[in-house]
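Chains S and U, in that order, give the protein sequences. One point on numbering: in my numbering, the residue at position 427 of the first sequence is 427, and numbering is uninterrupted. One point on numbering: in my numbering, the residue at position 54 of the second sequence is 54, and numbering is uninterrupted.
These are calculated hints, taken from the structure and not from any lab test. Just so you know, these numbers come straight off a predicted model, no measurement behind them. Careful, some of the hints might be misleading.
Said to hold, decoys possible - Calculated lysine-lysine pairs in the BS3-like style (CA-CA distance at most 27 Å, straight line): (1) K112/S / K290/S; (2) K269/U / K653/S; (3) K271/U / K653/S.
Here is how the chains run, residue by residue.
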Amino acid sequence: MGFGLPLALLLGLFTALVVLAHALRRGQATPVVFPAARLILETPAAARSRQHIEDRWLLLLRLLLVAALALLAASPFVSCNRLSLERSHGASLSAVLVVDDSASMQASIDGKSRLVSAVDAARQLLAEAHPGDAFALVLAGAPARVLLPSTVDLEGVREALDNIVPTDRGTDIHGGLALARGLLAQAPQRDQPILLLSDLSGQDVNTLDLSGVTVPRLGLTNPLSNCALITASWAEQGVLVETTCTHADAIAERTLHIETAQGVVLSSPVVARDGVQSLTLTQAVEPQVKGSAVVVLSRSSNDQILSDDRTVALLTPAKLSVALRADLSKAGVKTASDTVLQSGLEALERNIFVQPLSLLPDEPGEIAGYAALLVDDPHGFPPEARNAIQSWVARGGVAVVFLGPGINRTPLGSNFLPFLDTMPSWDTQVVAGSKDSAGALGPLTPTWSDLNAKGRATFAASADLQVLAAWSDGLPLIASKPLGQGLLIISSLPSSVDVSDFVLRPAYLELLDHIVTQASIRLGSAATPVGQRFRIPKGATVHSTDGRTLAPLTGALDLRNAEAVPATTSEEWLVEPDRAGAYLITNKGERVTRYAIRIAAEHIAQPHGNLVTSQAQARAHGRSKVGISRELALAVLILSVMELMLRAVRREKSAARGQNLLPRTT
Amino acid sequence: MASNFKKRIAQQLSVPLRIRARTLAEGSSTGLHRSATKGAGIEFAGHRAYVPGDDLRHIDRHARLRHNRLLVRQFHTDTERSIHLLVDTSASMAYAGPDTQLPSKLDVALLLAGALGYAAHKAGDGVALTLVNAHDTQTWAGRHGVPVEQVLSLLEGAQLSPASSERERDVQDRSPRPVADQTLIQANWQRAIFHLGSSMRRGAILFVLSDLLDFTPLLTKNLLALSTLGRSVRVAQILTPSELSFPFEGPTLFRDPETKLVVQADANKAKQRYLTALAELSAPLYDQLSHVGGSFLRVLTDSSEQLVLSQLVRGTSIRGQ
């Protein structure tokens, strides 16, 4: 802001002069013809000492006029944040409204939630749309999804906006913007605004690519004050509850207790605290009651999200259990006591419980409680292990093998089934690096492009293998293949840093994340974050505890991570829970309960209604500002006309008084 | 009611003065018949206060003893009565007030003068006419008066006097007023009164139709002096309602079309002072005319001419509205 703005706004001080002028205005005497004027005693002009301001309407108009003129002078520098659609080319536009429907958008002040504000803003933008403008709706709750493809049916867009409901999802603005850009890629219009309606909570705004994105100020900047029940699971003596709060005051004088779905209290109230605590039952509880029991956090006046003050007590542990078979001597590093695999899984911060295995499983039951099994540099799999893994994977498990030099020491009778149909070989030839196959695992895959490896496992790429990353010579680096409801993943490099720097590259964490995601969406995990999809057998039905039926996804609208999420097959469906709670999956009389749990960060992260860095702020808000010169000029014009009319009326009245007093001749 | 009245006035103004005057005079049930002049005669008509110049033979000594003041006996006289009409045609009389629907003071004065002249003519009395304005004093009189048709014609001519249009121009003229204007018209008034003093015979009745704005104490004294020798002076002060109520507000620039006087004043503050000055202007005439057999009548331009004419003829003194 230069000197122009304050100087222009200084014109507003002229309003004081107007008031002064009216107060001291020497009233313009009304001329009248009056024969008896000689009888009137001349009095001095009293206007200078006038106590009451006359012509109040005229004064008001003039004040408004001066103020409008001052703003008009400053208008090149001043702009309002009224939501509008910028049309740099004047023609129709194709806009994408990215509405954040994550859990943080449930926070409300004075009864109005952030989501309602965002939807209202979207309606306001729609109100400015012209016929022929195309709009698309993208929801930025994790995972981001297209609510409505680009359409010129504005009424349809409004109806779609009405259908946006609060969810307990995480935030996925990256995905939402990627979807929006994908939708606009083929749009013929030259104006292609992307409007992000979000509190930017739980998101590192500095990493957002906001080029071409307008982030209107929605006023979602009020600090969040909230406590949320993230998980609750039955233990031996009661329920273990994990509570998280924005700050200590948010949980002050609040209590926790267990009650049934019908509201029967099962435990005495316990003073709530931030973290994990145990609630003890005061009475014996039937097993079926346990399934519907909920933990309740007492209300507080400053709690902004009410829906997260109740949570279902899980019958199974909430954490994703991963079995790991790795040799610390080969897969470890000197600076840590854990294997690289274990460190990598914990680095994901995905609420994972890692259980190292000393031996490969001989029975499926040995790994039945796990969602994934990771085996590093095995010497092949003996028949018992092959059968156990195959059976376990077919029911939904995710098994991963990191092939290494151990291939060369495969004993007789062992092989690499069910991962590979043929025997792999360990090739010690130095390979330059991996082939760029970005997108299969994620955007970080190219970081493997210059791998330094002393060797690699080579195996033939069979028809059922899907190559997720490949070497520069085309051989698979990472491959996967489905087996029943589960998934098999093969890596041609071990986790040992002595063999390669494979695990030191960012793409390694992306691979682990892929594995955990695949494990989560399968039956191997009973509790997954809200938004994480359930893979269910075709024909199965999914009901939430509140009576809703979840429809299977078609997958057609997910334009982004189509490969990262297993596509639906003829035998499987995907459903996506959007609220935390228990979901009953019924398939041919068999009932399985799965849980969707809240994402803690969504309930405690503060909003970034105002972007934190000036660079991001300028980038994001620059186009949301709307010049007000036109409106101001119109206001000045109207006020000027009104002022002239008022003066004309006054003058006419005054003249009438004078003219009517002219001597008449008849 | 008011709108009907204004409509009627507007219609009447379009009718020639002589017809309106005749209609007014003929419509009056009173006429001049009851206005028998009191003075020297046979039939006793009453007493009145002595004023210098009265015939000392008519002083009633018995009445003086009873009332402790000089009273003069009056008698119905059978002498020939003459009617003198003194009409103010100065520019101030052209004023009609803010309400253009009302007649001007001059309209009312000329109509009343015409009706009085016609009534006198019907009663067989001679009529003399004097018009006073800033330019001159014109008198039409004869031994047996002026024919009524001539009187009416002269009154119509006064209606079309160029003085009015000149005053209209004065309204736009913001030059300082020539002080001589007012003294000139006062001199003309003085001349007219002086002339009437010498020409009015015993028993004559003088009707003064003016707004009296130019009257000075000297003129008032001289006018009162005409009420001797059995002569009667009946003054009709014709004002517009606005002159009586002073409806102006706020800073106002008052321009006198006659004297070109420009007075700037806050109307709210000046109102009371003005009303007092207006009352003082006519107070001497009102107070003293009735004592000398005359009458003072304040006429508003929105008043009923019929009523006004009747009161004028009867010699009723009314100062209010």
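Hint by hint, here is what the structure shows:
{"no.": "1", "hint": "K112/S / K290/S", "verdict": "35 Å, violated"}
{"no.": "2", "hint": "K269/U / K653/S", "verdict": "21 Å, holds"}
{"no.": "3", "hint": "K271/U / K653/S", "verdict": "21 Å, holds"}
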